[in-house]
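A.B. asks: Sequence:
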Amino acid sequence: MASQIGVCSYTVRDFMTNKTSFRDCLKRLQELGFEVWQGGKAACCDSISEMVDLLAEYGFKNITGSAGYDDLMSNLDKVIADAKAFGVQHINTPTLPLKNRVSAQGYEAYAKEMNEVGKKLRDNGLKLIYHNHAMEFANFPGGKNGMQILLDHTDPENFGFIMDTHWASAAGADPAEWVLKLEGRMDIIHFKDYAIDPNPEPKHIQDIGGVYKIFAEIGYGNINWKPIVENCRKIGVQYFVIEQDYWRGCPIEALAKSKKYMNDVLDIH
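The numbers in the sequence shown follow our numbering, run straight up by one, and end at 269.
Treat the hints as calculated values from the structure; they're not laboratory data. Hints may contain errors.
Straight-line Cα separation of at most 27 Å, BS3-like style, residue types lysine-lysine; simulated pairs [what the hints assert, rightly or not]:
(1) K61 / K260
(2) K119 / K99
(3) K144 / K127
(4) K119 / K84
These numbers were taken from a predicted model, which means no experiment stands behind them.
Between the sequences and the hints, there should be enough to build the whole structure, so can you do that?
C.D. replies: Spelled out as structure tokens, the structure:
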């Protein structure tokens, strides 16, 4: 059975600036049993074809391209060409513009634009997927949050999601519940734990509300993972991608800890 556990390129971004360190990174990840890569071209690679060859050399396949709002709106032909060069089916877009974040109407306008972009991508054999942070769970007058608006105002055929468990938790949302809401919309999920820093800087503990959250390895934070995994299985999630924005120590060691927990406790391989 092919591996379902992936590495988000952002986690190892510091290794991607030169080919020597990137090769070393890929070799170490390969030794840990990783086979799935999720992300765009490394800065040290001169072309996508070079990146594809380098990933293949270490037994990796990439599962998404990446494109921001501006490229989706004004440079879509290149986004499509790059995705085809990578051999991926999904285009991950990381966030919506600032102007759209502050109102329900802003989310509705963004949803309309992305629905049209998603249709064009679908016509080219690609699928647009949206990566959330915490802000999408802000509730607007009328009772809906941004995530719900994106769900309600887009066609499932044109607009999917790559939900981030940490950011959903940071927003006070239930990641397991949201997995079910995204049925038919989510093939890939970002696994990232949420912890409270046991050794915060003094400035973060000035008052009782001054808790300081941190990004944690899977199983080393406070997220209840088993219901999330159960619901992911129910809706047919294909890939569980580890993304850890920041870490203490080495990001590759952090990935190893996360993978071991996912293998041993969550039975994801």
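A.B. asks: Check each numbered hint from earlier against the structure, then list the numbers of those it violates in ascending order.
C.D. replies: none
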